Amino acid sequence: MAHLPPESLEKPAGGGRTRRQDREQKPFQPNKLFWVLLAAPGMIWLLILFVVPFYAVLAIGEGKLDRQTESPVAVFNPFTWSSANLSNVLHDVFGSGAFVGLIAWRTIWYVVVASLLSLVIAYPAAYFVARFSGRRKGIFLVLLIAPFWISYMMRMLAWIDLLQTNGYINKVLSFVGLGSPDWLGGHSYTVILGLVYGYIPYLILVLYAGLDRIDPALIEAGRDLGLGRARTFIRVTLPLSRQPILTGMLITVLPMLGDYFTNQLLSGARDTSMIGNLIEGQLSQPSAGQGAILSLLVLIVLLVPMMYYVVQTNRASRAAS
Amino acid sequence: MSTTAVSETVSTTGIGTGSSKPRLFRNPWRHPWFLEGFTWLYLIWSLAPIALAVLFSFNKGKSQATYQGLTWRWYWGDKVNSIWHNPQLHSAIFETLKLSAWTTLIAVPIGVAFALGINRWRGFLPSSFNFIMILSFVVPELIFGVAMFFVFTKMPGLRTIGLGNWAEVLGLVTWNVSWPAIIVQARLVTIGKQYEEASADLGCTQFQTMRRVMMPLLTPAIFASAILVFSGVIDDFVIVDLLSSNASNTPMSVIIYSTQHGGNGGPALNALATVMLLMSFVVAGLGYLGYRFMTRGQRVAEQALIAITGTE
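Residue numbers (this note's numbering), protein chains in the order written: chain A, 1 to 321; chain B, 1 to 312.
Next up, chain A with everything else stripped away, as it sits in the complex:
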């Protein structure tokens, strides 16, 4: 590197080369051990408490059942694994009695509808705050971010209060003559409403951050070149917001797929249960092994979108550097 210390500039043609000058010739080369020592605690932690646990799940899933205590036993040697749980689960997913398959389809259906609804609601709001809020941006941002700091359970509780049969929603509805539906009686639409309300704050923040980064000059250029409002949006803004949309969808879809509490609180009925309920419900049962296999299957299905997220994150940080 060209960073010469001042003293070497003062006496450029000195006699013997000092050790100091020798070191300056080489590019900046810090001691690697220092970085290894810094990273080590985190690496060991992740190894023991993130990597190994998934092997433990596999060992439970492929393990056997202790007939006396009615509880699953982990088998850590892959050569003695039994595939009883796996075949049971596969039978439940694809076989004739396929109740798991039904729940899986319902989960996908809920998550797709809820995440698309979230996008349709979140995008215009984020777009407005990022582009048009002007001097009021601060106040809009505070209001937009507030739900991010409000606990999920508090937000569900708020809707339980509103949706009671004698709650305020029904008071308004019966006032305008629309009757008083039993919202919390086990309906898909209530669960989807809960999912949208629960996860939209995360989506809206990602969208806002992405839309705020779009250079207004690009949009103005589109307008100057004769595009109308709608066509500027379709040809300029929308392509530029593809990345935030994808990231935002991932950040809402992944936790939605592991959700088991929203539908428990807002419906509690069997016919609104999702894949998360199936996994969580088996944990303390003799069939915990099947729950383990099921959670691994979900993980495998989600591996592709998760990898996509990881690759995108890496690419973004490399592009910035």
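Since the hints were made in silico from the structure, they are not lab data.
Model, not experiment: these values are computed from the prediction.
Treat the hints with care, since some could be wrong.
Below, simulated SDA-like cross-link-like pairs (lysine to any residue); rule was C-alpha separation at most 25 Å, straight line [stated by the list, open to error]:
#	chain 1	residue 1	chain 2	residue 2
1	B	K98	B	V282
2	B	K62	A	G185
3	A	K32	B	I222
4	B	K98	B	V283
5	B	K154	A	I300
6	B	K154	A	T80
7	B	K193	A	T313
8	B	K154	A	F76
9	A	K137	B	G297
10	A	K137	B	Q298
11	B	K154	A	G185
Residues from chain B that keep clear of chain A, each with C-beta distances beyond 10 Å, as calculated [unchecked claim]:
#	residue
12	N165
13	G290
14	R296
All C-beta atoms, glycine included, are put in the ideal place defined by N, C-alpha and C.
Given chain A, work out where chain B should sit, using these hints.
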């Protein structure tokens, strides 16, 4: 600013074109009233239910659905089921605070050191661990919680820890360690290597560089990640739900869920949720003020708001 200047010129030229659109729509830079209205509707939809839930925590009667007048009954007035008198409710508050504090104290140093080490130590091993760390950030919490549950109930060695406080802290640290790791790495990328090289040129050892140059530069990022971890634990539900074993180690979110789901809801739960809300807002407020203080002169208010949500 510049858009208003542009809008004047465009609107004056636009009038003469004889467009068939109504006058309001002829100005291409008009204020988007429809979008603004939509945004306000969204904000009302997202915040009014919370305001009502807080109101019900002061309800005179036992109803969570009809307002019957104001009282402190559910905070301390009621002899049986107020936060003050129901041991389960107030121990949940302390449990949440305890878990948040321990998790922050452990996860932030580990995550920051991990970020520094991984970012500078190039090779297959560090990049695969970085991959694992980001994976831990996106894996659905239930899948991770199930793995933790099996580790602390079935895995030889770690099984002796059992469910309860220790399991909750270990699980929460693993789940939250990615916040400081990701935020500090992002900050390292924007800082670049010049400062480190300059300090090495001036004769600092690596440790001195770390302490005197990098740490001050990273302080806002570390602070923001600590705020996120602390409030993330207050909010956390899945991990603590799966890893708690009895009433003494059950935090607020689980109490709210299990009591409401068990059909024993009531304004006392709203009161507990309001306490939780206040805690989060105090943390967020302190985080915002602290972050603004640390980055004074460098960043505007809006950036600080976004920074403490970790979305930047």
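Okay, the hints, checked on the actual structure:
1. A hinted pair counts as satisfied when its Cα atoms are at most 25 Å apart, and K98(B) with V282(B) qualifies at roughly 16 Å.
2. Between K62(B) and G185(A) the alpha-carbon distance is near 21 Å, which keeps this suggested pair within the 25 Å criterion.
3. At most 25 Å may separate the alpha-carbon atoms for a hinted pair to count; K32(A) and I222(B) meet this at roughly 23 Å.
4. Only pairs whose Cα atoms come within 25 Å are accepted, and K98(B) paired with V283(B) is accepted, the gap being roughly 14 Å.
5. With a C-alpha separation of about 22 Å, the suggested pair K154(B) and I300(A) falls inside the 25 Å cut-off, and the hint holds.
6. Annotation: proposed proximity of K154(B) to T80(A) holds, straight-line Cα distance about 17 Å (limit 25 Å).
7. A C-alpha spacing of about 20 Å is found between K193(B) and T313(A), which places the hinted pair at or below 25 Å, so the restraint holds.
8. Under the criterion of a C-alpha separation no larger than 25 Å, the hint pairing K154(B) with F76(A) is consistent with the structure, at around 11 Å.
9. Note on K137(A) and G297(B): the hinted pairing holds, with a Cα-Cα distance of about 19 Å set against a maximum of 25 Å.
10. As the CA atoms of K137(A) and Q298(B) are separated by approximately 18 Å, the hinted pair is consistent with the 25 Å bound.
11. Proximity of K154(B) to G185(A) is assessed by CA-CA distance (about 37 Å); at most 25 Å being required, the pair is judged violated.
12. Listed as a non-interface residue, N165(B) keeps its Cβ farther than 10 Å from every Cβ of chain A; the least gap is roughly 16 Å.
13. Distance check for G290(B) against chain A: the nearest CB is about 15 Å away, which clears 10 Å, and the non-interface claim stands.
14. Remark: the non-interface label on R296(B) is consistent with the geometry, its nearest Cβ contact in chain A lying 17 Å away (cut-off 10 Å).
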